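Visitor: One-letter residues, chain by chain:
2 protein chains.
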Amino acid sequence: MKLTREKWENNFSEWFDWVIREAEIYDYGRYPVKGMGVWLPYGFKIRQAAVDLIRKLLDAKGHEEVLFPLLVPEDLLRREGEHIKGFESEVFWVTKGGEENLDIRLALRPTSETAITYMETYWVQSYKQLPKKYYQIVSVFRYETKATRPMIRLREVSTFKEAHTLHETYEDAERQVKEAIEIYKNFFEELGIPYIMSQRPEWDKFAGAIYTIAFDTIMPDSRVLQIGTVHHLGQHFTKAFDLKVQRKDGTLDYPHQTSYGISDRVIAVAVSINGDDHGTILSPVLAPIKAVIIPIPAKDEKETEKIIEYSEDVAKILVSNGINTVIDKDTEKTPGEKYYIWEIKGVPLRIEIGPRELSSNSVFIKRRDTLQGISVKKENLVSEVVKLLETLRKDLKERAWNFLRSKIRYTDNLEEAKKMLDSKAGIVEVPWCESNECGLKIEETTGARVLGKPYDSPRDVSKSTCVVCKKPAKTTLRLAKTY
Amino acid sequence: MKLTREKWENNFSEWFDWVIREAEIYDYGRYPVKGMGVWLPYGFKIRQAAVDLIRKLLDAKGHEEVLFPLLVPEDLLRREGEHIKGFESEVFWVTKGGEENLDIRLALRPTSETAITYMETYWVQSYKQLPKKYYQIVSVFRYETKATRPMIRLREVSTFKEAHTLHETYEDAERQVKEAIEIYKNFFEELGIPYIMSQRPEWDKFAGAIYTIAFDTIMPDSRVLQIGTVHHLGQHFTKAFDLKVQRKDGTLDYPHQTSYGISDRVIAVAVSINGDDHGTILSPVLAPIKAVIIPIPAKDEKETEKIIEYSEDVAKILVSNGINTVIDKDTEKTPGEKYYIWEIKGVPLRIEIGPRELSSNSVFIKRRDTLQGISVKKENLVSEVVKLLETLRKDLKERAWNFLRSKIRYTDNLEEAKKMLDSKAGIVEVPWCESNECGLKIEETTGARVLGKPYDSPRDVSKSTCVVCKKPAKTTLRLAKTY
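Protein chains in written order, with our numbering: chain A, 293 to 775; chain B, 293 to 775.
Simulated from the structure, these hints should not be mistaken for lab results. Keep in mind that the hints are not guaranteed to be accurate.
All copies of an identical chain are treated as equivalent in the list; a pair is satisfied when it fits inside any one copy or across any two copies.
To be verified - Restricting the straight-line Cα-Cα distance to at most 30 Å, the calculated cross-link-like pairs of lysine-lysine (DSBU-like) are:
1. LYS621 with LYS353
2. LYS326 with LYS299
3. LYS766 with LYS470
4. LYS425 with LYS326
5. LYS337 with LYS477
6. LYS763 with LYS594
Please read these numbers as outputs of a predicted model, since none were measured by experiment.
Chain A extracted, bound-state conformation:
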């Protein structure tokens, strides 16, 4: 069977809504508050696998998990000027408790720099306690005025992993930015999510940051989605909160901070990037169910019973080897109907067991990504399944990376850049002198969003000139249609 990616690529938005609904990942559009949805059991397990992975990676680098209150008093949130400017139009405010008006408005946390810096004034006095690396996994809230989208642009971002670190020096915070980038790279590598890293332009960095490094990916419809950010905050918040620590030389000074976050969007990408017109394809790293067994009924009822027994035996072997496997025993559905739904759900392997498999003591295994099948003897079951899962994981990852790479273009002509972007180019790079003025001009002319300059793999622009001012280019500027 030919696995097409027509709907996936050309009607992605519709495809995505269909998959998260039919695969029972995330219920969106029915809960009666705009921009808020429900993680369904299957989706919750995918989410949990991602959460477990990021915890493991952060803990291994000495991060400590904490849990702060949801509510931030207005005066705290207003303490750092740039920060509140960036967020104030998007804050949900609690103003009442019962029928009493509260003395001070309480914000649903849009992010936690202010709350955490405030508490650090109690916790940290000396450089000897530094660096400190905290993180929490919580909901954050934004009163988005843009069109909301399930898992991608929400008013309640229900899986926000935010890390907040504190350092004696600017340089140590910069080292932390690099550590955070390595952690996120490992995270995305493990999940098979391709990414590109850019330093956001001055006019699009995090409100309160010195600079922001962002991870972006390209969705099936060629639009770019930001999936992770790392900020060097310098002393902006420590000064605003008058947080001073004793330095090694005995003087008191404001320590330096970083913060970095990832969200639900990681799951949205994991579900999207490996998809086709049959549904999603989950990397085995995230898949709650690694293999689904579909018993193929025989004409003879007793034989069917034996097939079920045999299927249970196969499932037991796999489960006891740590490979979560379910049998779809529904007697009201045909095997074909079962294939349909489990393909939408993206279970990596399907194991078909019918009379032929029963009599030959074998199973027939189909990979979700290719739908190619092989017959496997029962005695080789575990080793073959492990091998297939690993091959599938690698193949998915390679395909996803190839897709991303195929969507990055270069031109030194601004008109052409605009045309490329209008015809789903993905990301277009143009040579740039690095001035804000030219950057803003490029953004305006192309009607695209500026992602910033390359952080990872800069192009050689030594012979190029800025597309606007024609002065020698210092780097490239990345442009895209974004979410």
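Fit chain B to the given chain A structure using the hints.
Guide: Leaving out everything else, chain B in the frame of chain A:
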């Protein structure tokens, strides 16, 4: 050394504040919103162990984890009349997004019956889908007017495990109530938390329930703390939300529900119940660190280095056997200062390693609960540590249960009941005719809180009469000073 429980028992409130602060479990009273605190890294790990355990127990019984939005629109929350009456004075309301007034007020979830029942109208159509067992672990919010207390009475309850189930019949929901009770019993048994189960009186059941079974425990100060509740909701919410399903016989009817919850209070109890004047004592089931190694410096610096090396070797052996162990290498603190802080933190075992241990290839292990020590040869290290942890776990549990049992009294004299309660009796049972009128009279006369009638171990009251009306008693009524 004699381990006293003076402060623990007689100044419990102060003891508790001291422990959670000094052990770095929960930062309370400094975050600038009343009734909200911060889970610190050490406390977060204790919390996580409890969360992992309840997840394991619920999943094993077919519960599915989901995640609902925080915000509940006012009209949804008002749908079930009794429910909103019980909660409305305690709801935090979001009324603004940015500077815009919202069309409808949004409640910070006080609990999720309404949100979940609403979504179930989309999800469930047929008895074939039943029973459904959902749960989520989230923050819930109550605008408490009573005095707030860390982890015990909060405005943000940041670890609320709420389960919500749906059933074809009243009887199946009743079966679920029993299943939930078994799950909670297993949970508390495993954590070594003693409990007593009561059916709450009519006037103190959950707002919207047919009946409520509660788990209570007795704190060191003899006051009773509710630590878990299980509610039979009948058709109250399904009727309010017009949720009908097709029954086996083809008719449409409102299904029956249960809900059950536990909270942060479980951690508060785990920290409190096994304590003494040196701090908390954590059951190995919850302890993030099972053993702490304190190297005792030698006079000779080289020997001290060898002691450190030897300590690292010991730690490595334990960690590789799944026993999380840390070495306190701080050179600015004396061993005595280290004992002090690790005792507050309640690490189950302390391993002292000095010149004597180094030369004899042994370690000296002290149990936190008794501070009794034994010398153990290195070759027996793992088996001895495992044995000690298990003995300590059992001993803690037994002591805690003995404490609870010693605090349950019986009298058929109301005056005496009042006296007992005023002199820290814990729980007092009196014979009761089971009428609301007499129950309320008992509550009024004693000035105590009525916990309800025994669910677990009812007394034989066949020869007794109600303390108020003198008619034959049907059961006992439990009274207590409560949190």
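Visitor: Are the hints correct? Go through all of them and say.
Guide: Hints, one by one, checked against the model:
1. LYS621 with LYS353: between (44 Å within a copy, 19 Å between copies)
2. LYS326 with LYS299: within (26 Å within a copy, 52 Å between copies)
3. LYS766 with LYS470: Result: close within a single copy only, 22 Å intra versus 71 Å inter.
4. LYS425 with LYS326: between (34 Å within a copy, 26 Å between copies)
5. LYS337 with LYS477: both (22 Å within a copy, 26 Å between copies)
6. LYS763 with LYS594: neither (82 Å within a copy, 65 Å between copies)
Violated hint for the displayed structure: number 6, the only one.
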